[in-house]
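There are 2 protein chains.
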Amino acid sequence: MTTARRAGIDVGGTKCLGVVLSPDGDVVAEHRLPTPKGPEAIIDTLAEVAAALAPFDTIGVGVPGLVTRDGVLAAAPNLVDITHFRVGELLSARLGMQVEVDNDATCAAVTEWKVGAARGYDDFAMVTLGTGIGGGVVAGGRLVRGVNGFCGEMGHMVVHPDGPACPCGRRGCWERYASGNGLGRLAREAAVARRLTRVVEIAGGDPEQVRGEHVQAAAREGDDQALEVIDTFGRWVALGLVNLTNLLDPALFVLGGGLAAAGDIYLEPIKGWFNELLYSPHLRPHPKVVFAELGERAGAVGAALLADVH
Amino acid sequence: MTTARRAGIDVGGTKCLGVVLSPDGDVVAEHRLPTPKGPEAIIDTLAEVAAALAPFDTIGVGVPGLVTRDGVLAAAPNLVDITHFRVGELLSARLGMQVEVDNDATCAAVTEWKVGAARGYDDFAMVTLGTGIGGGVVAGGRLVRGVNGFCGEMGHMVVHPDGPACPCGRRGCWERYASGNGLGRLAREAAVARRLTRVVEIAGGDPEQVRGEHVQAAAREGDDQALEVIDTFGRWVALGLVNLTNLLDPALFVLGGGLAAAGDIYLEPIKGWFNELLYSPHLRPHPKVVFAELGERAGAVGAALLADVH
Chain A
1357 MTTARRAGID
1367 VGGTKCLGVV
1377 LSPDGDVVAE
1387 HRLPTPKGPE
1397 AIIDTLAEVA
1407 AALAPFDTIG
1417 VGVPGLVTRD
1427 GVLAAAPNLV
1437 DITHFRVGEL
1447 LSARLGMQVE
1457 VDNDATCAAV
1467 TEWKVGAARG
1477 YDDFAMVTLG
1487 TGIGGGVVAG
1497 GRLVRGVNGF
1507 CGEMGHMVVH
1517 PDGPACPCGR
1527 RGCWERYASG
1537 NGLGRLAREA
1547 AVARRLTRVV
1557 EIAGGDPEQV
1567 RGEHVQAAAR
1577 EGDDQALEVI
1587 DTFGRWVALG
1597 LVNLTNLLDP
1607 ALFVLGGGLA
1617 AAGDIYLEPI
1627 KGWFNELLYS
1637 PHLRPHPKVV
1647 FAELGERAGA
1657 VGAALLADVH
Chain B
1357 MTTARRAGID
1367 VGGTKCLGVV
1377 LSPDGDVVAE
1387 HRLPTPKGPE
1397 AIIDTLAEVA
1407 AALAPFDTIG
1417 VGVPGLVTRD
1427 GVLAAAPNLV
1437 DITHFRVGEL
1447 LSARLGMQVE
1457 VDNDATCAAV
1467 TEWKVGAARG
1477 YDDFAMVTLG
1487 TGIGGGVVAG
1497 GRLVRGVNGF
1507 CGEMGHMVVH
1517 PDGPACPCGR
1527 RGCWERYASG
1537 NGLGRLAREA
1547 AVARRLTRVV
1557 EIAGGDPEQV
1567 RGEHVQAAAR
1577 EGDDQALEVI
1587 DTFGRWVALG
1597 LVNLTNLLDP
1607 ALFVLGGGLA
1617 AAGDIYLEPI
1627 KGWFNELLYS
1637 PHLRPHPKVV
1647 FAELGERAGA
1657 VGAALLADVH
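Going line by line, the protein sequences match chains A and B.
Start counting the first sequence at 1357; every next residue gets the next number (my numbering).
Start counting the second sequence at 1357; every next residue gets the next number (my numbering).
Be careful, since some hints might not be right.
One copy or any two copies: either way a pair holds, since identical chains are not told apart in the list.
[Stated by the list, open to error] Calculated pairs, SDA-like style, for lysine to any residue (alpha carbon to alpha carbon, straight line, at most 20 angstroms):
#1 K1371 / A1360
#2 K1644 / N1537
#3 K1627 / L1389
#4 K1393 / A1618
#5 K1627 / R1527
#6 K1470 / H1666
#7 K1627 / A1407
#8 K1627 / C1524
#9 K1371 / E1577
Calculated from the structure, these hints are not laboratory results.
Throw the hints in and build the complete structure from the sequences for me.
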């Protein structure tokens, strides 16, 4: 526990969301602005959000991509043309104070660990199922950062070497299957093969327009074809979670990101396939699988908490 | 540094190898016996090896499979019919002293970390390329154990969901491709397709008899067809290392196991494919890839060092 007011800002693809936490960890202020294009404009926006959040004693920023331990955004596939962006140094110079910077999914992991679904756990993995897949790892009671700070890029784990092309330039990355985009792709494949009558209807009649939310809507009506896509999707999510379990043996997975909001329809398929795909499933405890407790503020709250875990 | 004499025993598929380390970490005694079948016979053999190694102040044991933090071998695919084998408790009762137990590849990781190729590293992964693939992870200067103690089962990471069946019951596990057995399988496929003239010759004329060592021998002669198999194999090794890099961001990989002895012919293909398969390879430092410094004693030495890291 601290007596400080801690500020955090999450830089998303469309908006920069800032919060201030009270000493108890409650959000006591919030401010958001659209995310502009280009590094200088982003620094301006961050400074503007920070000014709106003042006063605060510490500040952290979460950004999407590979973030070094020195607060440099080395590569950011979702922020066009940004490489080697010295976020920490530039914002620190502007604000006249230390700025902690880390990956946005790592920030979400910190949030769930400190004030969310993973409170009290020493070994867990956060997996954000959004446009892509990001994540963070806590092992032995400590945030795993990696030598460069790049730990947790689990979305680019290759799970099928001949799989679909990924924007990262490789093929068959986990996020091609198990993200929100992955669900949409699986659904469109089924729709084009005329196996998703009700889903296509909900999507307005064009199989190419089918997206994850249409599958979810049909699944909630009990549509068998939609439930089959959800099951296939759950298998891909489970496959990646099994890989992480074999490697890290966590007590808990916290699933976050956009899909977590409708998590209940995915949970049983994921658990069922997890049991099918795990090695020696009957001879070992299985990790719990739960959904994130904090929604869109997870990144900003985690950014505010970075000073406690770095 | 310690003043104690530390004993360690590695339970392999064919032999139990015990060592005693001097306070400086040198092997000052060694004893080996064949690995018998069945848990009781294994405890008898471990007690016999321990008696031959006496006197010692601490003792650890490395076993293949899933080892709990309490020293129970939960599952051991390579030791027939052994599940829930309370190695630590049973041997401790027999010897009248505390016995540390961990997975054999984890022991090898400890060895390389404390007295081998990973000395001084805080973030590295050990990958043992033997009959299968095992491993161990050190992150932020600490051995990652996992909530149950099962961290490092990276051989069962699924890298191709439609791949060949694995003895673990799943399909397309990394060790189906990137282990010694995996190399043999890749080579036999090529041999049966009549693409490995010289290798088949070295193997005695029967494509079905081709094994990894025959490919290595032909590759050393500069045989192009053999080098092509080595390249394919290097791609599979690299794919798994890339997955581990995305997830953990280590500074170093130490490759051990049987294949490490001929490591030089694999290193360039592995590094080349690593660069092809890693996301944003030009925007980030790459982990070093080196081979283990300790050979067949790695497991036993690591078992002796367990007391220092548990």
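Results of checking the hints against the structure:
| no. | hint | verdict |
| --- | --- | --- |
| 1 | K1371 / A1360 | neither (26 angstroms within a copy, 59 angstroms between copies) |
| 2 | K1644 / N1537 | neither (25 angstroms within a copy, 33 angstroms between copies) |
| 3 | K1627 / L1389 | neither (38 angstroms within a copy, 43 angstroms between copies) |
| 4 | K1393 / A1618 | neither (31 angstroms within a copy, 51 angstroms between copies) |
| 5 | K1627 / R1527 | between (26 angstroms within a copy, 18 angstroms between copies) |
| 6 | K1470 / H1666 | within (13 angstroms within a copy, 26 angstroms between copies) |
| 7 | K1627 / A1407 | neither (45 angstroms within a copy, 47 angstroms between copies) |
| 8 | K1627 / C1524 | between (29 angstroms within a copy, 19 angstroms between copies) |
| 9 | K1371 / E1577 | neither (33 angstroms within a copy, 60 angstroms between copies) |
When the structure is compared with the earlier hints, violations turn up for hints 1, 2, 3, 4, 7, 9 and for no others.
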